[in-house]
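Residues per chain, in single letters:
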Amino acid sequence: MSATEQDWAPLSRDGMAARAAQDIPEGWYVNLGIGVPTLIGNHIPPEREVILHSENGVLGMGPAPEKHRENPWLINASSQRITLRVGASLVHHADSFAIVRGGHLDLCVLGGFQVAENGDLANWSHSPKEVARQIGGAMDLAVGAKRVWVVMEHVTKDGKPRILRRCSYPLTASACVTRVYTNMAVLDVTPAGFKVVEIIPGMSFSELQARSEAELIR
Amino acid sequence: MSATEQDWAPLSRDGMAARAAQDIPEGWYVNLGIGVPTLIGNHIPPEREVILHSENGVLGMGPAPEKHRENPWLINASSQRITLRVGASLVHHADSFAIVRGGHLDLCVLGGFQVAENGDLANWSHSPKEVARQIGGAMDLAVGAKRVWVVMEHVTKDGKPRILRRCSYPLTASACVTRVYTNMAVLDVTPAGFKVVEIIPGMSFSELQARSEAELIR
Amino acid sequence: MIDKFVRSMAEAMDGIRDGAVVMIPGFAEVGAPNALIDGLIEQGAKDLTVVINATGKPRVPGVKVTGFARLVELGRVRKVITSFVRAGSVCGEAVKAGTVVAEVIPQGTLAERIRAAGAGIPAFYTPTGADTLVAEGKEIREYRGRRCVLEEAIHADVALVEAWMADRWGNLVFRGAGRNFNPLVAMAAELTIVQTHHVCDLGQIPAEEVMTPGIFVDRVLHMPVGDPKLPV
Amino acid sequence: MIDKFVRSMAEAMDGIRDGAVVMIPGFAEVGAPNALIDGLIEQGAKDLTVVINATGKPRVPGVKVTGFARLVELGRVRKVITSFVRAGSVCGEAVKAGTVVAEVIPQGTLAERIRAAGAGIPAFYTPTGADTLVAEGKEIREYRGRRCVLEEAIHADVALVEAWMADRWGNLVFRGAGRNFNPLVAMAAELTIVQTHHVCDLGQIPAEEVMTPGIFVDRVLHMPVGDPKLPV
Numbered sequence: 001m002s003a004t005e006q007d008w009a010p011l012s013r014d015g016m017a018a019r020a021a022q023d024i025p026e027g028w029y030v031n032l033g034i035g036v037p038t039l040i041g042n043h044i045p046p047e048r049e050v051i052l053h054s055e056n057g058v059l060g061m062g063p064a065p066e067k068h069r070e071n072p073w074l075i076n077a078s079s080q081r082i083t084l085r086v087g088a089s090l091v092h093h094a095d096s097f098a099i100v101r102g103g104h105l106d107l108c109v110l111g112g113f114q115v116a117e118n119g120d121l122a123n124w125s126h127s128p129k130e131v132a133r134q135i136g137g138a139m140d141l142a143v144g145a146k147r148v149w150v151v152m153e154h155v156t157k158d159g160k161p162r163i164l165r166r167c168s169y170p171l172t173a174s175a176c177v178t179r180v181y182t183n184m185a186v187l188d189v190t191p192a193g194f195k196v197v198e199i200i201p202g203m204s205f206s207e208l209q210a211r212s213e214a215e216l217i218r
Numbered sequence: 001m002s003a004t005e006q007d008w009a010p011l012s013r014d015g016m017a018a019r020a021a022q023d024i025p026e027g028w029y030v031n032l033g034i035g036v037p038t039l040i041g042n043h044i045p046p047e048r049e050v051i052l053h054s055e056n057g058v059l060g061m062g063p064a065p066e067k068h069r070e071n072p073w074l075i076n077a078s079s080q081r082i083t084l085r086v087g088a089s090l091v092h093h094a095d096s097f098a099i100v101r102g103g104h105l106d107l108c109v110l111g112g113f114q115v116a117e118n119g120d121l122a123n124w125s126h127s128p129k130e131v132a133r134q135i136g137g138a139m140d141l142a143v144g145a146k147r148v149w150v151v152m153e154h155v156t157k158d159g160k161p162r163i164l165r166r167c168s169y170p171l172t173a174s175a176c177v178t179r180v181y182t183n184m185a186v187l188d189v190t191p192a193g194f195k196v197v198e199i200i201p202g203m204s205f206s207e208l209q210a211r212s213e214a215e216l217i218r
Numbered sequence: 001m002i003d004k005f006v007r008s009m010a011e012a013m014d015g016i017r018d019g020a021v022v023m024i025p026g027f028a029e030v031g032a033p034n035a036l037i038d039g040l041i042e043q044g045a046k047d048l049t050v051v052i053n054a055t056g057k058p059r060v061p062g063v064k065v066t067g068f069a070r071l072v073e074l075g076r077v078r079k080v081i082t083s084f085v086r087a088g089s090v091c092g093e094a095v096k097a098g099t100v101v102a103e104v105i106p107q108g109t110l111a112e113r114i115r116a117a118g119a120g121i122p123a124f125y126t127p128t129g130a131d132t133l134v135a136e137g138k139e140i141r142e143y144r145g146r147r148c149v150l151e152e153a154i155h156a157d158v159a160l161v162e163a164w165m166a167d168r169w170g171n172l173v174f175r176g177a178g179r180n181f182n183p184l185v186a187m188a189a190e191l192t193i194v195q196t197h198h199v200c201d202l203g204q205i206p207a208e209e210v211m212t213p214g215i216f217v218d219r220v221l222h223m224p225v226g227d228p229k230l231p232v
Numbered sequence: 001m002i003d004k005f006v007r008s009m010a011e012a013m014d015g016i017r018d019g020a021v022v023m024i025p026g027f028a029e030v031g032a033p034n035a036l037i038d039g040l041i042e043q044g045a046k047d048l049t050v051v052i053n054a055t056g057k058p059r060v061p062g063v064k065v066t067g068f069a070r071l072v073e074l075g076r077v078r079k080v081i082t083s084f085v086r087a088g089s090v091c092g093e094a095v096k097a098g099t100v101v102a103e104v105i106p107q108g109t110l111a112e113r114i115r116a117a118g119a120g121i122p123a124f125y126t127p128t129g130a131d132t133l134v135a136e137g138k139e140i141r142e143y144r145g146r147r148c149v150l151e152e153a154i155h156a157d158v159a160l161v162e163a164w165m166a167d168r169w170g171n172l173v174f175r176g177a178g179r180n181f182n183p184l185v186a187m188a189a190e191l192t193i194v195q196t197h198h199v200c201d202l203g204q205i206p207a208e209e210v211m212t213p214g215i216f217v218d219r220v221l222h223m224p225v226g227d228p229k230l231p232v
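The listed protein sequences derive, respectively, from chains W, C, B and V.
For the first sequence, UniProt numbering begins at 1 and goes up steadily by one.
For the second sequence, UniProt numbering begins at 1 and goes up steadily by one.
For the third sequence, UniProt numbering begins at 1 and goes up steadily by one.
For the fourth sequence, UniProt numbering begins at 1 and goes up steadily by one.
These aren't lab readings, by the way, just hints derived from the structure by calculation.
Note that CB positions come from ideal geometry on N, CA and C, so glycine has one too.
Incorrect hints may appear among the rest.
Claimed, not checked - Straight-line alpha carbon distances no greater than 30 Å define the calculated DSSO-like cross-link-like pairs of lysine-lysine that follow: (1) C:K67 <-> V:K57; (2) V:K79 <-> C:K129; (3) V:K57 <-> V:K46; (4) V:K4 <-> V:K96; (5) V:K96 <-> B:K138.
Said to hold, decoys possible - If you want the footprint, here are the derived chain V segments under chain B, 3+ residues with CB under 8 Å: (6) 3–11; (7) 49–60; (8) 140–151.
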């Protein structure tokens, strides 16, 4: 194998979701953000009781409904039709965000544009000058949940790092991220910076470091 | 009749309650405070739909229950057993006080120790030095309701006025009272001071003024 | 006898003035008072400030613009307070063109600011948004070691509400995820107007199951419409 | 499988420490977690701060002191945050004697401060209490022409809750006026312990009718006790 040939394959979107799902234990109350985080729900075995929250007032989401058995009154924060798990409850938006902001969620998993080594997260805007602003519940979740995990590609489409010393995009919240799942690695945010928990098979630490702006800790 | 003989009789507690009840129109949402105000409920004809609120989360109280038909789970803010009117609703304490503090009650009727001509109310304490403090919901009601009426004896047991230029007891709330029903008169609190709406039969304006510290307006 | 039912859309919309602050609940069409929005479009009030969680998806060629987006397209909206403005949406275009002012804030802060108005809380601190663009120009104070933003209540002149069931006192029940912002906006407005799928006799809704007590409701219009559709 | 039911009072009370802040709901015995209060008396934690709406009626000769008043009588309470301290009550005497510190505040402010803790609001402004003794030492700011007091959230280590029905996820339903402070304290505490009259299978409580979602509940003890009595 030559030095230029890569001996590894980055995880797919589903692969990242499956990897994150492994680490969610029974009994946790979890909010899954839009995009790849939502896919995590498909990878939690139904017998493992993880209670999924959605910002629009649903606690205890079940799997996606079968075709033609959809209840049009039940959707999640991504506007997808959902089912309720036995034991679910429904609340209004202020109560739903009391759950989020009051520190009651064990975990929220968000998508990200950039994560900094101090845990800063940028996931909603590429520039303060953008007219279109889509904040939604991300800032509330990032600040409120007991743990904030981010699932994202390790680098941008044109190869720029997303694992940074400091975010260049507008922040969602400061010092909030506790762990990052990328298509190449799992990283913990520690007081000393990003600590590598695992790397995809075949990739070396230095290959991962080369794709990260922040200095990684073994 | 000699000048020292009085040609009038002050209203009883029930008389005051009945008088105040006359002025409560159908459709109002009303909180009746502890004491004489609670008696007002007995003087609102059942066919007049006035919706009574109690701080402990009851909206739509009905008449007192018949003996042996009491529901021990239904009480009012005075800890008396109550009934629910058809159409009633039950909420928790924060929602109940959102009703109060959010300005949704058309009226609350409170007991009083003293009312000042600027609408200041004192009804919970005789001295800032008192160890026992019984605030309850009075401050919330006095500040929150659209109208605050006070029902009280015109003078204290030893003949001291309660209709004052300025309260001497600790305040419940400032500039909140809109009308006072005493056992001698009905008074409106106006920007110019207390305006006499009516006096009990046989009592003259000057007799009422003699029993009031604040200057009354005809 | 208290009877909050009105017999026509015109009666429901009566008195909404130019310049009003109007709250519109709903989350992706579920719990959205679409008939009342159409009524407001018809009624004609303009120069509105609209408080709404999301201002609409990007335009799709060939798909008719309806609801809040239509109100914007007609030039009737001056300002929007929201948590989502999307590029390519009618509202996003209007914001870009400078014809609509957008105050974009976190969704939880939006919900809490509406509740605060209904509950008599003029302002509160929250850690949400600290150290971000949404804190710009706002007061910051530290509590328990966290920087918090001072946020003010949002009051409205009018709230449009979609209920599943209502009685003549205005007691409401919502269905499924259709609750969302409905109970909140009902508390925060001077005038709360409800469209309801079903009409109940007084007492048919058990006291424990009332989701919005009638004290927060002014007018109810019986409007049996279909189930919510997913947005295109 | 999530199962929040505990099998004994000792298990329910496990880990409550000296110096804990304990919230006790109930309004004149309705919705009061009396069995859990007895459990706390038995358990022994002292130096407690108790958050409770009313601290009890005056002593009646010949009537046994129970509940919160008993906790005070045993010298286990250091501070109380409440809206009522009555002269001649056990708590009133202790406050007079200087053995218990009382923070007496308006009932609505008490409810809202508890909710604030549960909802992640560290502080809020309210017009209630402005220009009164309860505003002493507190920050004042004017909103819409009214003087408002800055009030902080009240967090607790432990909440004791009385429910009518509960399932193994901790979803709760309250009965009648027994709801009162129960849903609020459940949100505001690190550890929420529930006594319930009835046990439900998961799913027996319809999703729309859950009053306190299980996320706010840690332990549930089945305690079928009688109806609440009126206080003497």
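Hints and how they fare:
no.: 1; hint: C:K67 <-> V:K57; verdict: holds, 24 Å
no.: 2; hint: V:K79 <-> C:K129; verdict: holds, 19 Å
no.: 3; hint: V:K57 <-> V:K46; verdict: holds, 22 Å
no.: 4; hint: V:K4 <-> V:K96; verdict: violated, 41 Å
no.: 5; hint: V:K96 <-> B:K138; verdict: violated, 44 Å
no.: 6; hint: 3–11; verdict: violated (count 0)
no.: 7; hint: 49–60; verdict: violated (count 0)
no.: 8; hint: 140–151; verdict: holds (count 5)
In this structure, the earlier hints numbered 4, 5, 6 and 7 are contradicted, and the remaining ones agree with it.
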